[in-house]
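Chemist: Order-wise, the sequence lines are chains X and S. Under full-length UniProt numbering, the first residue of the first sequence carries the number 1, and numbering increases by one thereafter. Under full-length UniProt numbering, the first residue of the second sequence carries the number 1, and numbering increases by one thereafter.
Each computed DSBU-like pair below joins lysine-lysine, with the alpha-carbon atoms no more than 35 Å apart: (1) K52/S with K88/X; (2) K233/X with K144/S; (3) K340/X with K437/S; (4) K437/S with K401/X; (5) K364/X with K144/S; (6) K31/X with K144/S; (7) K67/X with K28/S; (8) K367/X with K88/X; (9) K53/X with K144/S; (10) K340/X with K144/S; (11) K31/X with K106/S; (12) K251/X with K331/X; (13) K144/S with K367/X; (14) K106/S with K88/X; (15) K401/X with K244/S; (16) K201/S with K333/S; (17) K401/X with K144/S; (18) K67/X with K144/S; (19) K13/S with K88/X; (20) K233/X with K364/X; (21) K144/S with K106/S; (22) K348/S with K314/S; (23) K340/X with K364/X.
These are calculated hints, taken from the structure and not from any lab test.
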Amino acid sequence: MNTESYQYKPHVINVSYQEISPDIPEFFTHKRHVFIMTNTGRPIYVRYGSEIKSSIFLATINAIFQKFLLFFFEDKEKQNLFKISHDKSNIYILQRNQITYICTTNNLQVYIQLLYSTQDSEFIIYQMLDFLNTQLISIVTDQANVHLIQKPNYDLGFSVGGSRNLLTLAIKNGLYSPCIAFNSICTLPMTVTLRSFIHNNLKEIKVSNVIATLLLTETYVIDIWRQKNMEFKTSDIMIIQSMIQGQGQLKKGENWIPICLPGLSAMGFVYAYINFFYQNTIGIVMISDDNSLDMFTKCKEAAQTMIEKFDSNKLQQTLFSSLQNNPITPKCIENQTQIKHFIVRHTSGQLFLPMFQAFGINNKTFKFYMQQYGELYKDFMISQSLGNQETKQNYFVWDSKGFGITQYHDVVIMFCFNELIEFQQIVQNVHILHKMFRTEELNNFFILKPS
Amino acid sequence: MNQDQLNFDFSLKALFFFNPLAIPTVPKPSEQDQQDAKLIYYYPQNANIEEKRIQTGMAEGIFQFFAQFNPSPNILEQQENKNKNESLQFQTIHLEQQTHIICRVKEDLFLFMTLAHQKIPKIKTIVEDYFFSECNKFHFSLSKNLYTNIAENFVINFELFYGQDLTQLDQYTQRWILCNARSGTILNLFNFQSFSLKYAKIDAAIYMHLQSILTLGRQQEEQITDFIAFYAGYFLFSTLPHQKAILFKEHYYGSGLPWSNFEGKINQKFPPYTDNQSAYLNFFNLRNIVREGFSTQMVYINKQKKNIFTYLEKQLFIIVIANPLKDLQNLQKLVNVFQKSIDKLIYKLDIIIEQNLRQDLVKFIYFNGVNLAYRVSSQLIVSKLSSENLRVLQLVYEKLNTSNQYVIRTAGVWFYGSKVTERKVVYILPANIPLSKVEEEVNKIADQTFPNLLL
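Between the sequences and the hints, there should be enough to build the whole structure, so can you do that?
Modeler: Below is the structure:
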């Protein structure tokens, strides 16, 4: 396999589709079209087209939805509309507070070079819409919902303004990234000793009023330190990574910027110190609720201390090697005769992903894998919520197309095996994967010590 | 929430037919006249007239509006569509407690159904994981086909027994609910998925004996075109495709009605409509052909009107379908043939069926869309399939449409699904069998039970 295909390739997000409008038939037939509107039908964002040209169309949709929710006079209880399914197209609807997110998809049979047909995973679409909501709240804060309650005709689209690209990136990440799909960060695999060393350094440089410190790249999370008893949500980390991916200038020099992290505090802003070092590949992000110049200075000094400590231990080369070696191709996948691919999700919300980048442009093979993994994971989640406690540890699925999922202690492994192998070989391959991710090995893949 | 709380029951909140192309006949029609012209039938009939009008308008609008999102068929698909008969087109709209189904039967005929789901208790939500907190909702855990099956069942049954006669819709709707409801007006989503024939294990001798009786019967009246035969609810033979035979079986059998000519029970399920006999079909109407005022009953096979006659003796039930008869004389000869010939056949069938019932319980469910024959082994810890098991079984069944094998361990059992050409088998085994042994166990069962079916 060409190693260049493993490198992170950012999504293309600043293409304008302003000329597209609902007057032309192509408007309706995009494979995945996304709309965001207020509950009164005011457009906030349209993926293809301009919000102004789409306003009548969105008002019509909203009118239909509103009528629908009052379909039967005697039903006083308001219901949420989830999905409309028409022949080959599906319309997914997510309502979060005063904002409605809509994704329309066309389930055309698309034959890719490997002759597999791809069909959108409903699960991935909903996860994407949910992340899109998180991203929008991060841009405008939850004050937007407060404004909309007070003034239903409030023009939220205007507040989004120049952050439109972040929403487009959220859609792309939502559709293609396993991190969004499985609500997990992608941790950089490394030895236990290295991980401990890095973590101890992060701990040592802790600054008062810093809620969390992250060491990360655009796609990987290397380590996290959190204040005691403070929870730092996965979705917030993904918001930060998304922001870095979408705004290249954050990787240059030092930045001290306000950011709304909905998991932490959706109503207001916290401040993020961002400093990318080692040729702008690795970044330290420190989150604080103190926006003073003094705070910035303390973060700057702490970051400098850490970088010096790394330098004195020659960590730059080690980290570069780690990054260049990832995503790794484990030995069991090398020939791809039996195991073609797998993803491992730890219950703490972390992912191990071989062969492909967790963000950015990936090839169609991986997109196909993700659609299958998405459905497998969805069925798994449903069974978890519906099943009895004692059966929850035994979950296993496999189909003759080679895809499956197995729950093993604290990890869930989604896999793709060669479809021509016998069932006993499948059993053996599952055991290989279980062995690779048995409890004592997990520290190599995930950040497991509480931060 | 645990699996026992999941409930796939629903009630039919509304059902209506409309014709979007209908034009009012009154001069200078008002908007209300236009709406009224489009509405063909509405259930329940005592609904508010304004509600009926609004819903008809809404249904039409929604279907047209969201049809825009459907990609236009490419040239290949257009060719395929021309060659196929016009098939039903569905739109489903999923809300928290209701699912609406719109079915385009023809260009000028649409069916709209609203299913109200039984309320599911709210579970604790996990705010940061939207999906986990939402995944108990119907639209996540169940596939669209479960809903479209219901509309399809309604339409194809109506077309079979009433053809295009829309004036019969009210009686038909009442009966459809009655036949399919578990109790009162509560229906169940899975029932419509699992309509099937139970096959009696008859040998060649019995088969030939039945054929000889039917052939002799056919010789009495040359207009006879088809036969379907059942014994004690088990399917014996049909000249019509099995999918049609299922419709007849469900129509007569209903839900819980025993296969006997105990008239009191039959009348309870199918109350006789003396002024319109075509609305209800009774057992053994051939018995009445000599009586004055006997009127033949109709079915519509491939859009052709046919007469249907029924003959029931002990538990042998024969359906006779013929081209429209002007003269019923020959039917008495048909009855005589049946009366003289079937005793021996019934005796043999009795033995077979009794053996069927006493058969060793095995750990499988044979589920191929036309034949549901399930047995649950006493060795299986799960003696009865729970709602969750049933949901997973339906999932496995659907996955076998696109895969040849689908294996899942969840809810305390293994489901091992296998498909060879059109035959699907789902084996259910206890979850304590390890992964390394499950195939071996399945092979043992297959070798014992289906030695010749190449499964």
